[in-house]
Amino acid sequence: MTDDAAFWHRIQFAFTIVYHYLFPQLTMGLAWFLVAWKWLHLRTGEARYGKAAQLWTRIFGITFAVGVVTGIPMEFQFGTNWASFSKYAGGVIGQSLAMEGMFSFFFESAFIGALVFGEKRLGPRSHFLAALGVALGSWLSGYFILVTNAFMQSPRGHALAADGLLRLSSLSDFLLNPWALLEFCHNQCAALVTGSFAVASLGAFYVLRGENGKQGRLFLKWGAAVGLAASMIVAFPTGDAQAKLVARLQPQALAAMEGRFQSGPMAEITLIGQPNVEKRQLDNPIRVPGMLSFLAFGTFHRNVPGLGAFPEDTWPTNIELLYYSFHVMAGLGTLFILLMALANLQQIRGRLESSRRLLWILMLAFPFPFIANTAGWMTAELGRQPWLIYGLFRTRDGYSAAVSSGSTQFTLIGFAGLYFVLGLLYLFLVGREVLRGAGPAMENA
Amino acid sequence: MVELWFAILCLMFTLFVVLAGWDFGAGALHFVAARNQAERRTLMAAIGPLWTWNEVWLVAGGGVLFAAFPRVLSIAFPAYYLALFLVLWTLILRGIALEVRGLIDSGLWRAFWDVMFAAANISLAILFGAAIGNVIRGMPLRPDAPLSLPLFTDFGVHGMLGILDWYTVSVAVFTLVCLCAHGASYLALKAEGEVYRRATLLTKWLWPVTIFLLLVVSVETFYVRPGLFSGMAERPTAWIALVLAAGGLAAVITGPRSGADRRTFLGGCVFIAGLLGSAAASLFPEILYSTVSGEYSITAYNGSSDASSLRAATYWWPVAFVLSFAYFAFVAKHYRGRARTADYGHDPQ
Numbered sequence: 001m002t003d004d005a006a007f008w009h010r011i012q013f014a015f016t017i018v019y020h021y022l023f024p025q026l027t028m029g030l031a032w033f034l035v036a037w038k039w040l041h042l043r044t045g046e047a048r049y050g051k052a053a054q055l056w057t058r059i060f061g062i063t064f065a066v067g068v069v070t071g072i073p074m075e076f077q078f079g080t081n082w083a084s085f086s087k088y089a090g091g092v093i094g095q096s097l098a099m100e101g102m103f104s105f106f107f108e109s110a111f112i113g114a115l116v117f118g119e120k121r122l123g124p125r126s127h128f129l130a131a132l133g134v135a136l137g138s139w140l141s142g143y144f145i146l147v148t149n150a151f152m153q154s155p156r157g158h159a160l161a162a163d164g165l166l167r168l169s170s171l172s173d174f175l176l177n178p179w180a181l182l183e184f185c186h187n188q189c190a191a192l193v194t195g196s197f198a199v200a201s202l203g204a205f206y207v208l209r210g211e212n213g214k215q216g217r218l219f220l221k222w223g224a225a226v227g228l229a230a231s232m233i234v235a236f237p238t239g240d241a242q243a244k245l246v247a248r249l250q251p252q253a254l255a256a257m258e259g260r261f262q263s264g265p266m267a268e269i270t271l272i273g274q275p276n277v278e279k280r281q282l283d284n285p286i287r288v289p290g291m292l293s294f295l296a297f298g299t300f301h302r303n304v305p306g307l308g309a310f311p312e313d314t315w316p317t318n319i320e321l322l323y324y325s326f327h328v329m330a331g332l333g334t335l336f337i338l339l340m341a342l343a344n345l346q347q348i349r350g351r352l353e354s355s356r357r358l359l360w361i362l363m364l365a366f367p368f369p370f371i372a373n374t375a376g377w378m379t380a381e382l383g384r385q386p387w388l389i390y391g392l393f394r395t396r397d398g399y400s401a402a403v404s405s406g407s408t409q410f411t412l413i414g415f416a417g418l419y420f421v422l423g424l425l426y427l428f429l430v431g432r433e434v435l436r437g438a439g440p441a442m443e444n445a
Numbered sequence: 001m002v003e004l005w006f007a008i009l010c011l012m013f014t015l016f017v018v019l020a021g022w023d024f025g026a027g028a029l030h031f032v033a034a035r036n037q038a039e040r041r042t043l044m045a046a047i048g049p050l051w052t053w054n055e056v057w058l059v060a061g062g063g064v065l066f067a068a069f070p071r072v073l074s075i076a077f078p079a080y081y082l083a084l085f086l087v088l089w090t091l092i093l094r095g096i097a098l099e100v101r102g103l104i105d106s107g108l109w110r111a112f113w114d115v116m117f118a119a120a121n122i123s124l125a126i127l128f129g130a131a132i133g134n135v136i137r138g139m140p141l142r143p144d145a146p147l148s149l150p151l152f153t154d155f156g157v158h159g160m161l162g163i164l165d166w167y168t169v170s171v172a173v174f175t176l177v178c179l180c181a182h183g184a185s186y187l188a189l190k191a192e193g194e195v196y197r198r199a200t201l202l203t204k205w206l207w208p209v210t211i212f213l214l215l216v217v218s219v220e221t222f223y224v225r226p227g228l229f230s231g232m233a234e235r236p237t238a239w240i241a242l243v244l245a246a247g248g249l250a251a252v253i254t255g256p257r258s259g260a261d262r263r264t265f266l267g268g269c270v271f272i273a274g275l276l277g278s279a280a281a282s283l284f285p286e287i288l289y290s291t292v293s294g295e296y297s298i299t300a301y302n303g304s305s306d307a308s309s310l311r312a313a314t315y316w317w318p319v320a321f322v323l324s325f326a327y328f329a330f331v332a333k334h335y336r337g338r339a340r341t342a343d344y345g346h347d348p349q
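Sequence lines, in order, name chains B and F. If you use my numbering, the first sequence corresponds to residues 1 to 445, in order. If you use my numbering, the second sequence corresponds to residues 1 to 349, in order.
Read the hints as simulated data drawn from the structure, not as lab findings. For each residue, glycine too, the CB sits at the ideal point set by N, CA and C. Check the hints yourself; a few may be wrong.
[Stated by the list, open to error] Residues on chain F that point at chain B, a partial pick, calculated with CB under 8 Å:
#1 Val135
#2 Gly162
#3 Ser308
[What the hints assert, rightly or not] Chain F residues, not near chain B, derived (Cβ > 12 Å throughout):
#4 Ile240
#5 Ala342
#6 Asp343
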């Protein structure tokens, strides 16, 4: 029954982190819109920027609050649910988690309250600085989390101490892990995609409703422009470089992401297909030959090893889910570029506001970056399996032996219930701000 | 190095109790110090925009515990699994109540979140108090089996231990009353009108009750963990902390009588910090005290991470510490003086 406990610990961590990250990805994306609009308002004095910042600050504030309260359990669950791992690696990953608290949480938390409720108290200049503080603090926070994750993906800067536990041998190697730097660029651009899709979506909603069209047009323009730039950078160069890193450092993960069991040169990239782990093959595939070799190593003829080239106990433990996650992420990422390119094209031609069908698509597209971000993280984390720290420490050795699987099920159900209510509350409050933003009060204010 | 990190950890948790303590205390008095919704808005405005900053000392303290004493974390957190999740869930409720209460101009909406907010603050003060009680009392640590404590057993402090027993419950009650007194001092400093008037009245009798309960808890502690007092006798650091606590005590008794709000408030801060400081200095190096046998205890020495990890953290921690106060000062200077109701919420209410 010990495996059983490990399973519930994993599900609980996965559920709480996926749910939590729905909120920070939006706030990290929106933060720079707020900074830009508040800056323009300060410089030009144009009311439309001030109003845009005000409306989005309210949505930002609610999102940030849910992000904060769902974030606190994450840090504590390292101790409660993953005690063996915490004991083994605390001397290293404790550093980045403590740094996140000390450097970023104080930074963000000092300014968030003043940003949400304190415009009058602070005055325009300090209020702008508060927005900047929250933006910088939240991105810094993202970096420390990604340093932690990068250590689990590709450990750097550590050594084994005499007592068999990890210790930090080089703080700079640990903090400047190439995996972390790349993952940061990729992930933060993906957060910008989420933010800009939300902005464009609200713009499309206002224009389609014929209310608050002036703000709507501003949102559409900015959302589409930032959305295109960010979704392109997510794919190239950051996504591309990330894939090359996976090919080099986690070849089993790459093979599983592509459902590739046999090795060989001119490796194909899979567009569609279902991995069949039992038969060690990909069912009903549609493939482009040579592309995987090219994307992973820069030449078409390079051999890309399949899973068969590795011992089975180093294969990712859930190949199907990993494969689907990766394909959902990559597929959606491609669609985002196409959609935003089309939106910008119409914008340049001055036809975006009259393209009702495109506006409908933009309005309804905002959930998909959340899905793509989640799928991307599932790719990263499932690809890391069966390791908790790649090559060093296995996931099944990491959980808290003192906590029964029943206790974990209890807390998991508790989280599910609490987070369901929290989600309803969030949607209700944000929906209310969206409708208030469309109202005559905002139009004339 | 280990001594330094033990001190840093204690400093951070002490800052949490003092800083977030006035928010928790004021929140626990939500229905006592503020009698209608307008007054409750004043109370929340007084808690102010920096409550998250205050609460971060807990999260950052947890991070430092993780980095510096991973063994402590890996034993204590699973042992108190369900209790910790109660704390986490209550923290979620409290934060949400505080953030959304002012968003909608409806009496029912506000009434609901007012109850949630007060209940969450009272529960958290009790839970944190029980946690302090558990650290002092100790836990049945043995090397051969992972530690896991039931919520309660027979409420005795010997034999089969639970998280709650007569000792930890009395520490919890003391903590609740002490934080309420501290919160009242804070409201007396920051609030206006009726809330201010009631808060000054509350400080007049809540602080004496706190001191009476402190005497009771001290006698109990002498019975439950005599080692605390023998440690205290031989540690000069503990004496200094005790002198500070005594000074704070004098201020919280005399302050309310002479209407010196600032003296009462600062006295309360020093009193709490002094108490925690003297307890920490007396118990050092034991962090997780084993009631089974002293040799099974997890101390700062056998619970810390490697010296190289601690050394690395010694470089960045002071920088972050100074920066955190710089951000605080930048925002706090805009909120000097008494809180205005307009500081909290969007709607007229």
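If you check each hint against the structure, which ones fail? 1, 2, 5, 6
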